[in-house]
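A.B. asks: These are the residues of each chain, in order.
There are 4 protein chains.
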Amino acid sequence: MAYFQSKPTSGRHFLQIPGPSNTPDRVLRAMDYPTMDHRGPDFGRFGKQLLEKLRGVFKTSQPVVVFPASGTGAWEAALANTLSPGDRVLMCETGWFAHLWQELAGKLGLKPELIETDWRRGADVAAIEAALREDKAHGIKAVCVVHNETSTGATSRIAAVRKAIDAAGHPALLLVDTISGLASIDYRHDEWGVDVTIAGSQKGLMLPPGLSFNAISQKALKAAEGAGIPRSYWDWRPMLAANAQGFFPSTPATNLLYGLDAAIDMLMEEGLDNVFARHDRFAEATRRAVRAWGLEVQVEVPGEYSSVLTAVRLPEGHSANALRATILEKFNMSLGNGLGRLNDRVFRIGHLGDFGPLQLVGTLGGVEMGLGAAGVPHKPGGVQAAMAYLNGNA
Amino acid sequence: MAYFQSKPTSGRHFLQIPGPSNTPDRVLRAMDYPTMDHRGPDFGRFGKQLLEKLRGVFKTSQPVVVFPASGTGAWEAALANTLSPGDRVLMCETGWFAHLWQELAGKLGLKPELIETDWRRGADVAAIEAALREDKAHGIKAVCVVHNETSTGATSRIAAVRKAIDAAGHPALLLVDTISGLASIDYRHDEWGVDVTIAGSQKGLMLPPGLSFNAISQKALKAAEGAGIPRSYWDWRPMLAANAQGFFPSTPATNLLYGLDAAIDMLMEEGLDNVFARHDRFAEATRRAVRAWGLEVQVEVPGEYSSVLTAVRLPEGHSANALRATILEKFNMSLGNGLGRLNDRVFRIGHLGDFGPLQLVGTLGGVEMGLGAAGVPHKPGGVQAAMAYLNGNA
Amino acid sequence: MAYFQSKPTSGRHFLQIPGPSNTPDRVLRAMDYPTMDHRGPDFGRFGKQLLEKLRGVFKTSQPVVVFPASGTGAWEAALANTLSPGDRVLMCETGWFAHLWQELAGKLGLKPELIETDWRRGADVAAIEAALREDKAHGIKAVCVVHNETSTGATSRIAAVRKAIDAAGHPALLLVDTISGLASIDYRHDEWGVDVTIAGSQKGLMLPPGLSFNAISQKALKAAEGAGIPRSYWDWRPMLAANAQGFFPSTPATNLLYGLDAAIDMLMEEGLDNVFARHDRFAEATRRAVRAWGLEVQVEVPGEYSSVLTAVRLPEGHSANALRATILEKFNMSLGNGLGRLNDRVFRIGHLGDFGPLQLVGTLGGVEMGLGAAGVPHKPGGVQAAMAYLNGNA
Amino acid sequence: MAYFQSKPTSGRHFLQIPGPSNTPDRVLRAMDYPTMDHRGPDFGRFGKQLLEKLRGVFKTSQPVVVFPASGTGAWEAALANTLSPGDRVLMCETGWFAHLWQELAGKLGLKPELIETDWRRGADVAAIEAALREDKAHGIKAVCVVHNETSTGATSRIAAVRKAIDAAGHPALLLVDTISGLASIDYRHDEWGVDVTIAGSQKGLMLPPGLSFNAISQKALKAAEGAGIPRSYWDWRPMLAANAQGFFPSTPATNLLYGLDAAIDMLMEEGLDNVFARHDRFAEATRRAVRAWGLEVQVEVPGEYSSVLTAVRLPEGHSANALRATILEKFNMSLGNGLGRLNDRVFRIGHLGDFGPLQLVGTLGGVEMGLGAAGVPHKPGGVQAAMAYLNGNA
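If you read the protein sequences in the order shown, they are chains A, B, C and D. If you're matching positions, the first sequence starts at 8 in the numbering used here and goes up one per residue. If you're matching positions, the second sequence starts at 8 in the numbering used here and goes up one per residue. If you're matching positions, the third sequence starts at 8 in the numbering used here and goes up one per residue. If you're matching positions, the fourth sequence starts at 8 in the numbering used here and goes up one per residue.
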């Protein structure tokens, strides 16, 4: 099986893309149990408990539904369940994933209106408020924001977006993609008044890809009754009906659900606040390394740095993709590529999920050695700077 | 973790529903490897090889696409990629899953026209031909048939359906659901002239649920260009573009793909013809057991018996669900329930996937003992009859 | 890897030898965790808890030591820790394993004295008592009995042996091999006054082979101080010293200990009495099948039937090994061979460990079909008889 | 299960003791397959192939036997099979493990004669030759050397020892412990004329502990015929007889053998020479880090540095155990403790087995941060020095 034999005995691969993250052994082993009858009483008990536990991760007391699908499926579900063809949606183009979301909206017959950024910061909250205030007729049906933009490493201030919508007195729904943010950085579906939260399994939840999520407010549920985009697979209504007894309308991805159960247990044993603090600490250490190398972090606004990943800009005339290829070849580490307009301009370091301080040191070491091996101008000392911070001596 | 602790030390659970089938250890262990970078060069090589191997299972040289989704998702993909709102589709209601497909078509804005059956046989080929001959204007855009109806245990003669369409000189597409048939019973996407084949991972492919498939003819690909149902997640076009290099447009369910790779290897090592013969043999043994008990097989047409599962009718006044509960409680075996109008009237024995003769004897023993324990009138000797057949002494 | 590819996709192998038994998934998955530092604080805590839990399985409050070794190693440990070259030991030759034990004693320089049987019953308690009464000089230093003779399926009455020793007023140590009995049938180290109990991992404890055990009375510990057989690896003293803190004097088989921990949890969740009752029930069902076939159980004394395995005699002129080869080839089931003088005369059915009623029905079905396929004269109906008993209708 | 829950979600544990080493997933997954019949034909084929493959790792065409036991068991086997009580054996006390070996020899009734060292170098070859020359009567029956002394990180020059024995014209057997050396650093059983090689599973072979090995010369086999230490479990003769058909005289540790099979495949895919070069490179990088910190490597002779592990001396007045506790607590890494007279004076860094460059950087980073956190005087820059070397810029 080629996928695990390509580098025999050369030690553990460092999977430092910003998701899928490193799946812990406990989750992999949970997934390795025999599939069970998804319509039997044991499954019903399991499903009910799991769906209940899942709410804790989103900090919500409202329903969370699970699709066997990638995160883009959960995006489609969010739009298809709440909107109708021709509806206007306000979208904040914070990066590549926000861009993809807008494309998706177009394919479903929606009319996206873009608030652009330079891909070096989070969503422009003031611009959102302004656009909504201007929309006296309330033609805008939803505001779509990416909480953690995986292509740039910028976070958007969701609580502030909520406040802006309220300040404008606008009834638009708030749809938030936290696919790469959930369970790595603070997220509060209820407190922040999000209507639909979109998430995936392969990031902070530490699972392999294959599951995605919608957390759903009462307002969104009500919108679902009148939404006009044709839908079946993504339809929340049969899902919620079956979920009430712990079941699913079509066959669920049982073994991934086993893994989800184990992953939530791990997160809760560590404590979500500890998980977030760990990510914050590793992200700060990473940025210190980047600066010590004399390189630039893609995000320019300190309050909007992501603790999930750090995108690093290469000096003009140097190829991020060549650097990544060198690091993969020589040091057995995968880093994230630049997406869209950032292709070859940045590389992305994932420091999320089941990840500890020495894995981070190894990761930064791989980057530092790779910069040397690939001939990218830089100063040594990044790892040293990160260690100094991690050790409380910064 | 409740899902594997409910029956401590009482031996291996018999998962004899008609899918998910028993996942072999080799597939589970393959899935238990660390997730890899789905955009890296190792994945590209792996993906290309896997997609190529996958064609062999469908007996096609045309593309097969893989969705992280349940089988119903692959249904939606088949319809959404080839049809437009308002299109008429001819559907054969062979049982519950055919019924669900028709509901789904309605939700997408299509106009299903039903050819009904009594749920005790495959699709009515003559009726299909008649309907198409009558449709001189070629308003019918697709004929939808379930190859292996999991709710009844009836197979439909797909080659004959193809012939009927051709005999009628009708240009309708032929869409076939072989979710529970593929890799258990003979199926030939190319030779039978199927335009879209719909399949899932958790049956003959011996995987946990979470992946589904479309095999796609050139004619279907062409239809995709003009199809008008809004689609994004299910859209074949970006999928095929990425697949050409072994990649996927959104994050694939990597660990399930590892399992798929192992499962195809197992099928090919045994040989598809041997796999089919094994299923045929176990199905005949099962029917002999049913008859020995004095019970009735749901399907009435010998040429349309499924080798994947056998649905068994209970005598009037007896509850199939009570029987199943007794068997689960006393013998740690899950059987399939009756669906739709067959609820509580039949139970279904899955004899598919990674399944050997002694597992079959145990399965039939559990049914025979359960009939006794639940007070269902029957004659003993079913297991004996099955063993006589299996041993070549029938 | 040849060991799991030889029968691709033909379903689960039935491992019905009388040990190694079928290892449950939960135990295999526990063993699949990364090895930990066997000298670190986490291990110390784990080791202490595990050694404490382990006592419950032996029904003792005295020490139990664990060797990375097969069961024969634990035999050697029992003798080497308590005896000196030239010591006389009274041994009961109940079958092949008792015979091997005697050979082992000879190799260590002991003088075994044999009480023979016809290999169709347990140890002759009256003969033990007589021999001890005759030994006025107390030259006999130990009485060695096999609790569950795996080669014949006979159990010896250990409590009665203890009583016989006491009645004779003899100070000999009582050494008992319950390698294949422990955790399948009742065993009481303390209550029965056993001095050294010898056990292994791969039978009722449901683990793979690789660990073996000595439970040790105070009297045996005292004997260890004066014992003269040179010993190092097997020496209890450094073992007990390290065990006090949860550690081991040389590197323990860490991953097998993980599995042991999981296995004990499973046994305690089911409850040892329930485990024993399950084995008794399956053994009685098996004997009923054997009699229905018109064959003979090797053991002749009903009170000494083992619930762990059943050895079945073949009619004169028929080969048990040919039968076993047929069953392996046609039905993918491994049965135990006849050992020593029983080679080719009996086959042995293991019905121990992680084993449920439908696995038993499949096992007996494989034997019944195999008898037919191999041309061994028999009457059909064995499986039927077993099912009637299992279903409470006998 | 306490052994894997103590540090929830804080990332992967760094197991950097000098064995057990980090077991690769491929080996763990191989061990996770169901146990098979150790007396059946599939096992015979598997066993024969495995025993054959195993010889390649020892670079021998002579037999290699496998015991379910720790490495100390294989020591005992080497002595017990070749020597008789009262025999004189020449032993080189290179460190704690050599010391234990001498203790063991004494327990078996042998008369060890010691050639001491200061535990900072390999065996004194000249002293060996001198002692043998002096032994005109050939009373010394064996020379015992530790190839890779795990307590100090010193290697002994085995080829030179062989030459010394030959130069002295002495018939003593050469017994070599390469428990921690095999499959990490160069070892040649045949070419170096070793009579018994002793090895274990949990070091360079990348397995969990539980298996140990003897590679056996013809001369040693001949000695086994006359050896007088009582032996049964360790006896080579029944082992070799059974091994000829791929079987074992008592139940083998089947699942560990699965892992061994996978591990040998991995080593051979990488190529033993590449494996050795990788270890050499990581060891040199480690020593550069140690020197950059201003600390001292325990071994003083450059030609005798081990590439398996590096023992590092602490400045006077500082506790190596306190340092290790700090590193475990803060950085989730296990390091080896000082043994015997080196307790608390050194800590040992294992850089063996399934180990890559970024794991090494993380490991050294953990040490460097730990030195700071524990207040051990040192200069920063060790990681930097190691990286410079690893990157070819040294």
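I should point out that these hints are in silico values taken from the structure, not numbers from a laboratory. A hint or two may mislead.
[Stated by the list, open to error] Stretch-level coverage of chain A by chain D, calculated; a stretch enters the list once three of its residues show a Cβ under 8 Å from a Cβ in chain D:
(1) 335 to 342
(2) 360 to 370
(3) 373 to 379
[Claimed, not checked] Once the Cα atoms are required to be at most 35 Å apart in a straight line, the calculated DSBU-like pairs of lysine-lysine come out as:
(4) C:114 to D:229
(5) A:337 to D:337
(6) D:66 to A:337
(7) D:60 to B:60
(8) D:143 to D:66
(9) B:337 to A:118
(10) D:66 to D:118
(11) A:60 to B:114
(12) D:337 to A:386
(13) B:226 to A:114
(14) D:337 to C:114
(15) C:170 to C:60
(16) D:60 to C:118
(17) D:114 to C:226
(18) A:114 to B:386
(19) B:60 to C:337
(20) C:55 to C:143
(21) B:55 to D:60
(22) D:118 to A:386
(23) B:143 to B:118
(24) C:229 to D:229
(25) D:337 to A:60
(26) A:55 to A:143
(27) D:229 to D:60
(28) B:60 to B:143
(29) A:337 to D:60
(30) A:114 to B:337
(31) A:229 to B:118
(32) B:386 to C:118
(33) B:386 to A:66
(34) D:118 to C:226
(35) D:337 to A:66
(36) B:143 to A:55
(37) C:118 to A:60
(38) B:114 to A:55
(39) D:60 to C:337
(40) D:170 to D:143
Backbone N, C-alpha and C define an ideal beta-carbon position, used for all residues, glycine too.
A.B. asks: Please go over all the hints and tell whether each is borne out by the structure.
C.D. replies: Taking the hints in turn, this is what the structure says about them:
no., hint, verdict
1, 335 to 342, "holds (count 4)"
2, 360 to 370, "holds (count 10)"
3, 373 to 379, "holds (count 4)"
4, C:114 to D:229, "holds, 19 Å"
5, A:337 to D:337, "holds, 29 Å"
6, D:66 to A:337, "holds, 29 Å"
7, D:60 to B:60, "holds, 31 Å"
8, D:143 to D:66, "holds, 32 Å"
9, B:337 to A:118, "violated, 58 Å"
10, D:66 to D:118, "holds, 31 Å"
11, A:60 to B:114, "holds, 32 Å"
12, D:337 to A:386, "holds, 28 Å"
13, B:226 to A:114, "holds, 23 Å"
14, D:337 to C:114, "violated, 53 Å"
15, C:170 to C:60, "holds, 28 Å"
16, D:60 to C:118, "violated, 41 Å"
17, D:114 to C:226, "holds, 23 Å"
18, A:114 to B:386, "violated, 60 Å"
19, B:60 to C:337, "holds, 30 Å"
20, C:55 to C:143, "violated, 43 Å"
21, B:55 to D:60, "holds, 33 Å"
22, D:118 to A:386, "violated, 61 Å"
23, B:143 to B:118, "holds, 17 Å"
24, C:229 to D:229, "violated, 39 Å"
25, D:337 to A:60, "holds, 30 Å"
26, A:55 to A:143, "violated, 43 Å"
27, D:229 to D:60, "holds, 24 Å"
28, B:60 to B:143, "violated, 41 Å"
29, A:337 to D:60, "holds, 30 Å"
30, A:114 to B:337, "violated, 53 Å"
31, A:229 to B:118, "holds, 27 Å"
32, B:386 to C:118, "violated, 61 Å"
33, B:386 to A:66, "violated, 57 Å"
34, D:118 to C:226, "holds, 32 Å"
35, D:337 to A:66, "holds, 29 Å"
36, B:143 to A:55, "violated, 52 Å"
37, C:118 to A:60, "violated, 65 Å"
38, B:114 to A:55, "holds, 28 Å"
39, D:60 to C:337, "holds, 31 Å"
40, D:170 to D:143, "holds, 18 Å"
Hint compliance for this structure: hints 9, 14, 16, 18, 20, 22, 24, 26, 28, 30, 32, 33, 36, 37 are not met, and every other hint is.
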